[in-house]
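Construct the complete structure from the given sequences, taking the supplied hints into account.
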Amino acid sequence: MLILAGVLIAFILVALYTRRHRATRNCRWRKDATGDKGNLRMYRCVTCGAEAFTANPGPPDTCKSTLRPPPL
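Our numbering puts the first residue of the sequence shown at 12, with every later residue one more than the last.
Any given hint could be a false lead.
Unchecked claim - Below, in silico cross-link-like pairs of lysine to any residue (SDA-like), each with a Cα-Cα straight-line distance of 25 Å or less: (1) 48 to 18; (2) 48 to 74; (3) 48 to 58; (4) 75 to 41.
To be verified - Quick list of the computed label-pair ranges, beta carbon to beta carbon: (5) 18 to 59: 34 to 42 Å; (6) 48 to 12: 50 to 58 Å; (7) 79 to 48: 30 to 38 Å; (8) 25 to 58: 42 to 50 Å.
Because the hints were derived from the structure by calculation, they are not lab data. The structure displayed is predicted, hence computed values, not measured ones. Think of the CB as a built atom: it goes at the ideal place given N, C-alpha and C, for glycine as much as any other residue.
Right, here's the structure in full:
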């Protein structure tokens, strides 16, 4: 019974981890301190070249490569 509970907890933890990182699976964010603006930290994706700003600790949660800049 104890083994079954351990396997169930491990399965839930793995499922939560993969669900959280699904959107950034191919992105590898690197902090670029030269582009910081106030409290916003700039991150650049090494894989697709996208740039993103975040006020949260850590890199962005989703891939920004599909976003287009607004037209002028």
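Do the hints match the structure? See the list:
no.	hint	result
1	48 to 18	45 Å, violated
2	48 to 74	21 Å, holds
3	48 to 58	23 Å, holds
4	75 to 41	13 Å, holds
5	18 to 59: 34 to 42 Å	37 Å, holds
6	48 to 12: 50 to 58 Å	55 Å, holds
7	79 to 48: 30 to 38 Å	21 Å, violated
8	25 to 58: 42 to 50 Å	24 Å, violated
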